[in-house]
Amino acid sequence: MRKWLAQGAALALLACAGPGGSGKVDPQRYDSFFLWAGVAPPAWLDRAKSLYTLAGEVRAKRPDALVTLRATPQRAKPALWFVVRAERLDWSPALHAQVLRQLDRWAAANRVEGLQIDFDTATKGLGNYAAFLADIRRRLPRRYKLSITGLMDWSANGDPAALAALAGTVDEVVVQTYQGRKTIPGYEDYFARLQRLPLPYRVALVEGGEWRAPKGLESDPEFRGYVVFLLRP
Amino acid sequence: MVRKARLLISGLLAAAYASSAQACSDGGCEMSWSMRNPHLACAGRAVLSPGNDSRVNLMFLLADRAGKGPVSSPGADMAGYGYGNSFFEWSMLRQAYTPARSEDEEQSGSSDGSRCDSLAGGANAFKGALAASGIAAAEQQQLLAARGRVQLACGGGEQALPEWPAGLASAKGQAFLAYLRAAEQFYTGEWDASRPAFAALRTAKEPWVAETATYMLARVELNAAIAPALGEYGDFERSKVDLAAVTRAANGLKAYFTAYPSGRYGASARGLVRRTLWLTGNVPLLAREYSRMLGEAPVGAEAAAALIEEIDNKLLTQVNSADGIEDPLLVATLDLMAMRDEEGEAGSKPSSFAAATLGAQQALFSSRPDLSSLLSANHAYYVSGDMKRVLALVPDDARQSSFAPVAFSRQYLRGMALAALGDRNEAGFWLQMIGGSKLPWQRALVELALAMNYERAGKLGLVFAKDSPVRDATIRSILLTNAAGAPLLRQQASDRSLGRAEREVALHTLLDKQLQRGLYAAFVGDLALLGSVPAGPAGEDEYTGQPSLDQFRKPRLSDGYACAPLATNARALAANPRDAKARLCLGDFWRLGGFDRADEYHSAPKADELGGFVSAFAEKPLSRGEFYGEIITDPAAAANDKAYALYRAVMCYAPGGFNDCGGAGYSPAQRRSFYTQLKRTYPQSPWAQKLKAYW
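Chains as they are written, first to last, in this note's numbering: chain A, 1 to 233; chain B, 234 to 928.
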């Protein structure tokens with residue numbers, strides 16, 4: 001149903017779309033991006049500094065395998081993050097090995113920053129997530145960094161103890177400000193609370209989404225810049 | 234309804250040549266609690282309709298034709314996404330229609346999505362072929378070791394490869410070795426080198442080598458065809474596929490089937506044929522092959538679900554219309570997709586899908602008039618908005634002992650048309666239909682329709698009557714939370730025959746709304762009900778997402794400004810709603826109890842959704858933000874209370890400058906003046922001393 005997805009997504013989100021206005025995110029003014037499966041890389045992507053590239057998914061029905069979503073990149077110019085979208089956390093040893101094997105395969109042909117886990121955890125589940133990430137960190141060779149995506153409500157409601165545990169484990173969190181193709185309205189409100197996040201973070205924007213940097217964000221010492229999620233044109 | 238903001242982009246956009254399109258499987262789905270389903274959303278329904286995921290519709294059509302139901306009942310809404318028993322995602326439907334995976338299956342099938350996968354998987358076959366060839370044991374060992382070299386080469390990396398074995402005496406052994414050399418060239422991407430090598434081996438005397446080489450030659454061509462389309466980021470650009478190589482691959486596969494009609498690579502080769510059809514965009518032939526496979530698909534087994542996913546990825550999402558496709562199930566699925574509302578800058582409008590297209594398809598549906606009229610009825614409902622035509626197309630057949638998916642969809646659509654026409658027999662129709670609504674997700678959908686009918690007819694009491702057919706907890710909860718007035722809430726909260734969860738929802742809603750709307754005397758009276766509703770296990774609300782009655786049972790009243798118990802405070806407000814101290818304390822109760830941000834998790838249903846028809850409470854909601862402003866300008870308020878109101882009004886905006894207190898809010902200039910007023914007028918107040926900044 002992919003062909004119709006964009007329409008459906010936009011529509012499902014009408015309810016949460018804010019009023020139109022200025023401040024649309026123009027990817028060419030940024031240097032770091034999410035490249036998801038099915039999104040054709042634009043020509044100017046070679047100029048990017050870093051690229052969070054969806055490599056595969058761990059699906060709810062398959063705790064034993066990474067479903068690969070792209071071939072191994074070859075001599076990509078930007079530094080790459082190997083992104084795994086996970087629907088579950090009880091990874092089998094074989095799955096861990098598979099992820100590390102592929103990570104190495106990517107690193108053999110590209111500059112690889114590290115591994116990013118994109119897991120949509122319920123805020124309440126952060127405790128388990130911390131344990132999962134600590135396990136990943138133990139398995140991950142030191143040459144790779146560990147990044148995670150975060151949802152805005154983590155910083156609003158996350159258990160500080162669990163977040164503190166993440167701070168010791170992951171190198172950064174990329175906080176998402178969008179839902180579907182739209183920036184979540186009221187995002188300014190969340191950022192006031194982002195100050196509670198005790199670790200380096202980046203802010204993910206969606207191409208074409210609304211964005212006005214909230215006061216103080218860009219001067220926050222933990223803020224490491226933006227990552228723009230590219231959409232299918 | 235908007236639930237907690239969650240990420241759904243990954244699911245929505247995850248669709249690649251190697252993947253199935255999984256919408257929203259990581260949650261964050263929004264569903265509309267109404268009967269209409271015109272837009273693609275991640276939450277599907279048991280009614281074949283435009284808004285369903287195409288995989289969902291195709292699975293229902295396939296199961297309907299096979300006369301098969303799910304093999305397991307769907308689990309509860311484990312993820313807590315609020316689907317109730319009305320909505321589901323493809324993954325949930327898939328699970329209901331596939332047997333649980335066995336341990337063995339869980340262990341197998343790990344795939345890196347690379348050529349090397351088949352190499353690892355083929356180890357035993359190679360060993361078997363060697364054993365069957367009658368080659369001397371020592372040569373067999375050498376050849377097995379040589380195959381290890383191929384595997385090493387496929388993995389890439391820097392390590393040196395062992396030498397090829399030298400001095401194989403037998404002709405058969407040399408044929409195997411030649412095969413391995415060609416295979417290594419294939420696995421390392423040297424198409425031009427492996428092509429002639431495999432071509433030469435097609436006539437090898439050793440049967441295994443000859444057959445495998447014939448098959449591999451087609452794989453070489455297919456990989457060569459795709460190679461130029463793989464970008465530097467591992468992405469796939471279809472326009473760069475080498476079509477001449479695809480044609481050679483297709484011819485190679487034809488040659489394989491001619492030489493080996495029931496060959497050992499038959500299943501794989503058929504998959505490769507589909508790939509050539511997909512790569513060349515040969516929709517009619519690809520659809521014909523899928524039609525044949527659907528005819529043999531074992532509904533209820535993993536293979537059927539996997540086939541549906543492949544069809545979705547490679548056919549349904551790749552075409553703009555059903556042109557050139559003849560299979561009624563595929564055409565029906567595509568037609569429903571084409572009837573989805575069209576999305577534009579100005580909002581959505583009905584699809585422009587023409588009724589004439591359906592007319593032209595009549596012949597395809599000669600054996601399925603039920604399906605044909607279902608499609609026409611969907612068109613009448615969603616596209617042309619002709620409800621009377623829906624009734625004409627689908628005669629009343631609501632009384633059935635059970636409904637297969639197509640029959641259920643037909644009758645449900647008829648009920649929707651009755652609702653749209655305001656037919657006075659609508660409720661009776663649903664009551665007839667509910668008896669046969671036995672497959673998963675059917676009954677709750679009928680309950681939803683009935684509940685909406687009762688709500689709009691001002692008969693909400695019927696939903697909550699003793700013998701009510703509306704049993705679904707989520708539907709009842711939505712109505713209690715959004716549509717029920719105080720008497721009904723009180724009745725449900727007090728009813729000891731009801732489950733605890735429903736009584737909690739009713740009482741929480743009642744107490745919350747009464748306080749929020751200044752109905753203080755009634756609030757005090759209803760607080761007594763807290764004692765009659767049993768307390769749940771500690772921490773339960775953490776998982777259910779329901780607001781907890783603990784907010785009222787064990788209220789946090791104060792973190793500095795002294796306050797009376799909740800009931801005492803409410804009594805004071807009942808006596809004088811403008812009592813400054815009591816209002817400040819109510820504000821603290823809201824702030825400390827987490828009521829401020831409740832609307833981040835729950836927003837009101839839209840007017841055409843369940844619970845959105847009328848607001849049962851007429852009074853305007855109060856906010857602590859307004860309390861503070863009024864106390865600041867109230868000449869009768871005590872100095873300490875004014876100081877606290879000023880402090881709180883400023884703190885509404887800490888630390889980010891965003892209003893947490895509700896109401897119209899205050900401008901930055903007003904906040905600055907509150908700050909200055911507190912510092913100048915009440916310098917000795919602890920609140921003045923505590924406040925260090927304004928936002």
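To be clear, the hints were calculated from the coordinates, so they are not data collected in a lab.
This structure is a prediction, so every number in the text was calculated from the model and none was measured.
Virtual Cβ for every residue (Gly too), placed ideally from N, Cα, C.
It cannot be assumed that every hint is accurate.
What the hints assert, rightly or not - List time: in silico PhoX-like cross-link candidates among lysine-lysine, alpha-carbon distance up to 25 Å:
{"hint": "1", "chain 1": "B", "residue 1": "Lys925", "chain 2": "B", "residue 2": "Lys912"}
{"hint": "2", "chain 1": "B", "residue 1": "Lys925", "chain 2": "A", "residue 2": "Lys215"}
{"hint": "3", "chain 1": "B", "residue 1": "Lys839", "chain 2": "B", "residue 2": "Lys853"}
{"hint": "4", "chain 1": "B", "residue 1": "Lys438", "chain 2": "B", "residue 2": "Lys487"}
{"hint": "5", "chain 1": "A", "residue 1": "Lys77", "chain 2": "B", "residue 2": "Lys473"}
{"hint": "6", "chain 1": "A", "residue 1": "Lys215", "chain 2": "B", "residue 2": "Lys923"}
Said to hold, decoys possible - Here are a few chain B residues that sit away from chain A, every Cβ distance over 10 Å (derived from the structure):
{"hint": "7", "residue": "Leu394"}
{"hint": "8", "residue": "Ala411"}
{"hint": "9", "residue": "Glu444"}
{"hint": "10", "residue": "Gly464"}
{"hint": "11", "residue": "Gly467"}
{"hint": "12", "residue": "Asp468"}
{"hint": "13", "residue": "Phe490"}
{"hint": "14", "residue": "Leu540"}
{"hint": "15", "residue": "Ala588"}
{"hint": "16", "residue": "Ser727"}
{"hint": "17", "residue": "Ala755"}
{"hint": "18", "residue": "Ala808"}
{"hint": "19", "residue": "Thr866"}
{"hint": "20", "residue": "Gly890"}
{"hint": "21", "residue": "Gly898"}
{"hint": "22", "residue": "Ala921"}
Unchecked claim - Computed Cβ-Cβ distance ranges for the label pairs, DEER-style:
{"hint": "23", "chain 1": "B", "residue 1": "Glu396", "chain 2": "A", "residue 2": "Arg29", "range": "21 to 27 Å"}
{"hint": "24", "chain 1": "B", "residue 1": "Gly361", "chain 2": "A", "residue 2": "Gln74", "range": "50 to 56 Å"}
{"hint": "25", "chain 1": "B", "residue 1": "Lys438", "chain 2": "A", "residue 2": "Pro93", "range": "24 to 30 Å"}
{"hint": "26", "chain 1": "B", "residue 1": "Ala500", "chain 2": "A", "residue 2": "Lys24", "range": "46 to 52 Å"}
Next on the checklist: Hint compliance check: list the failing hint numbers for this structure, sorted ascending.
Outcome noted: Hints 10, 11, 12, 20, 23, 24, 25 are the ones this structure does not satisfy, whereas the remaining hints hold.
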